[in-house]
Structures are given as structure tokens and as C-alpha cells.
Amino acid sequence: MFSNFDYDVIVRSLPYLFYTGMTFTLLLTALATIIGILIGTLLALMRLSGVPFLTVPAAAYVNLMRSVPFVLMIFWFYFLVPYIGQWVTFSAQPIKVGAFASCLVTFTLFEAAFFCEIMRAGIQSIPRGQVAAGQALGMTYSTVTGYIVLPQAFRNMVPVLLTQTIVLFQDTSLVYVISVTDFLGAASKVAERDGRLVEMYTFAACVYFVVSFAASRAVQLVHRRIAIIR
Amino acid sequence: MNYHWNWGIFWELSPDGVHTYFQTLMLGAGWTLLTAGCAFIIALTFGSLIGVLRTAPFSWAVRFGTAYVEVFRNIPLLVQMFLWYFVAPEVVPRSIGIWLKQLPDASFYTAVVALGLYMSARIAEQVRAGILSLPRGQRLASLALGLTLPQTYVFVLLPMTYRILLPPLTSELLNTIKNSAVALTIGLMELTARARAMQEFSFQVFEAFTAATIIYIVINLVVTLAMRLVERHVAVPGYLGFRPPAAGH
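As given, the protein sequences belong to chains E and F, one line each in that order. Under the working numbering, the letters of the first sequence match residues 1 to 230, in that order. Under the working numbering, the letters of the second sequence match residues 1 to 249, in that order.
None of these hints come from the bench; they were simulated from the model. Backbone N, C-alpha and C fix where the C-beta goes; we use that ideal spot for every residue, glycine too. Please note that the accuracy of each hint is not assured.
Unchecked claim - Among the chain E residues that face chain F by a calculated CB cut under 7 Å, a handful are:
id: 1; residue: 68
id: 2; residue: 170
id: 3; residue: 174
id: 4; residue: 213
This is chain E alone, in the form it adopts within the complex (with noise of 0.2 Å):
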């Protein structure tokens, strides 16, 4: 097999792969990680209120968002997204839409749904007392919530939301079915111009494990330093 395996393909495409490809990828996770976690923070909180009016739309997105193929996802936004542009701008015709704005508004709204389920659950792992001790000193919901609830539970969902990032990272592969040019995308359009696939994805998948299994031992790491000593 390695008789003929083209290490100079790769080389060659260094630059593009991680200037073009890997920077795309690496920002995407980063941006949609921290938008996803703020909007799945908000509809934990929707979630836990026990108003019907906002328990019941937020449950309803999760459990859709939670019930199809991320890829179905995907085409969903990208003929949607033009649409939504046009309803939130008034303009009269569907705006057209970049492909990074695109993609990033698909994952931080499909991921919101992932973390909220984790600040769900960290929220819900916080003592009871500490909140009603918080209400009998007289403080409000949100200051409550802000001050005492959401660092704690913040705090002991770091390794899974890290974790979560991890699988997001993963699947920003999947940007390759709207032909968008992340690294998977820059490496297979490399692949296919100079019909060297068996290079190509072999190197992909190499990074990408090497950049996950990297990821999930710092994570390892974090969880140790972070944890509180009960």
C-alpha cells in the first residue's frame, strides 16, 4: 500500500488544509460553542422556569432538534437561513447569506440544544436548600440564578461542555454536504483534484484523531484540576 502513498500530495496542501480549511473548522467550533452555550443556558432556564408558555416551546425545540440527523439539520438551515435573514431584516427579497454565517447559525442552533440538556442537568444537580437559603436572605430570581445557581453549575459541567465542544469539532465535518470548505472540505477537494483520496483522507483522519484524542486528555486534566473536593 505504501509503495506508492504520495507523501508530497500532502505536503503540497499543507497551507491550504490548515490556513484555509483548519481555520474555518477551529473558528466554527469556537464561535458556535460559545453562542450554543449561552442560548442553551437561556433555554435550560425556560425549561426549569415551570411557566407552561416557556417550559413547553423550549422542551418542543430540544426534543426536535434532539430527533433528527444532524445532516438533515444542515440542508434545513441553509435554504432556511436566507429566509429567516429576510423575516429578521424586513427586506423584501431572501437575503443571501455567507457560507460561514450560514453554517454557524446551523450549529449554534442545533447545539443549543445539546447543551441546554447539559446546563439542564448541571442546574438540577445544585442543592435545593442553596436556593431557597438565597430567596430567604431576600434576593430575586436573577440574582439568585446569576449569583449563586449558574456558576456552580457551570462549574461542575466544565468537563462535559468541554466534551460536548469535542463532538462538535467532530461534526463540523459535516459542513462537506453544502460543499462548504472546512477541512475535511479543503482536504477532499485536494483529493479529488489530483486523485490522491487514500493520501488525503488517511491524513485527514489522522488530524482529526490526533486533535480529538489531544482534546479529550486536556479535558481529562480540567475535569481533575476543577473538581470540587466534596
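Fit chain F to the supplied structure of chain E, relying on the hints for placement.
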């Protein structure tokens, strides 16, 4: 919105000249279920095997199991599909490679293998966690009674593990069904691919995707309800209906 809704599109003839669009979607759902079903059998078999290895009292078995799980968990499913579909036929001896490429429904077999092995790493983690959650005394008692190690696993540990693991295994089955959509990249005409094809031929984007979404939700509901019935049957008396949280999708 300047989008022309046409819900009657489902009863119109699709470009294959035989089936209506609705029928093509249903055929796609069939391929989705078939692929996911076959893949889940592979996943359960290999997942159980690796899960058992990771709890076995041999360090080589534990190391092999850990390496297996890390490899299959840290490479995206899409890349794994490409490896099986494009790379594997080139790596094996030439005659086998040619046979693989000429196989009818090659994308189906590839999807089953790739998805099955990908999911097996997740199931291995569940099985391992399940076995470790059992009281240590069960293993010790079985061994003290003179059962061999394989007998301990087959007759004592695994039956308990599967009964406890049914809820997380249900969600892994649902994940397998959802992840089968990735196989459209290697040309498997499953449900999402059919919806995509329908959108390309008819330009009725939102009808096609709405229909696919509803079919996925129905499949989800049916699987969840069916598994809940099974769960009630095999629940271990004396255990809380405990559900370990599962990350990922």
C-alpha cells in the same frame, strides 16, 4: 415570503418514472431503517466484546479495548465512512479491492460497517460502565462458586448489564438511526438523501424536508415507545429507573 408552497407535490411522479415522491421518501425510510438495524447489530456485538475486554482482569485486554474505543471515537463518522469507502479498497490486496468496488450496493455495506464500528465504540463505553456499576460481590461470588471467567460474564454479569443498560442502549439505537443519514455522502439513498433529491428535482425545498423531519420523528417515537414496553418487562426489581446521562449525538 416569495416561496411557492405546493403540498400536492408528494403525489406527483418522481423522475424515476415509477414512484411518486411520497413513495421515494418511504423507500428512503426503509433504507434508513435497514442500514441502522444492521449497523446496530454490529455495534452491539463489537461493543459488548470490547466492553467486556475493558473490564477483564488482563492488562493487554484493557489496553486493546481502550485503544479501540479511542480510535473509533476520535475520528468523525464522515471521515470514517470515507476511509471505508475510498481508502479500504485500495489498501487491501488488489483482487479483493476490485471485488469490493464492484459489489452491488457497495455504499450500503460500507455504511453498515462504518456506522456499526463507529457506534460500537460508544456501546463499548456503556457496556463497560454497566458492568462496573454492578456490585463487585457478583463477580467474586460467581468465581467463588467455581464458574470460569467466561461463564461469569455470560451467565451473571452480562444479563444484568443489559437489563440495566436498556435505556442508554435505546438512545444509542436512536443515534444509530440518525447517524445513518451521514451515509448519503457515499451515495446511500436513505431518507435524507431522498429528501435532498426531491428538493433538487422539484424545487419544493421545505415540503421535502418537512416530510423527512416528520418521518424521523415518527420513527423516533415508535422506537422509544417500543423500547419502553421492553424496559418495563426486563426492569431489574429493586433498582431505581436510573438513567446515566449520555453525551453526544
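Now for the hints, and whether the structure bears them out:
1. 68: holds (5 Å)
2. 170: With a closest approach of 4 Å, the residue 170 (chain E) hint holds.
3. 174: The hint holds - residue 174 (chain E) has a Cβ within 7 Å of chain F, the shortest such distance being about 6 Å.
4. 213: Holds, because the Cβ-Cβ distance from residue 213 (chain E) to chain F comes to roughly 5 Å (cut-off 7 Å).
Going down the numbered hints, you'll see the structure goes against none, and every one checks out.
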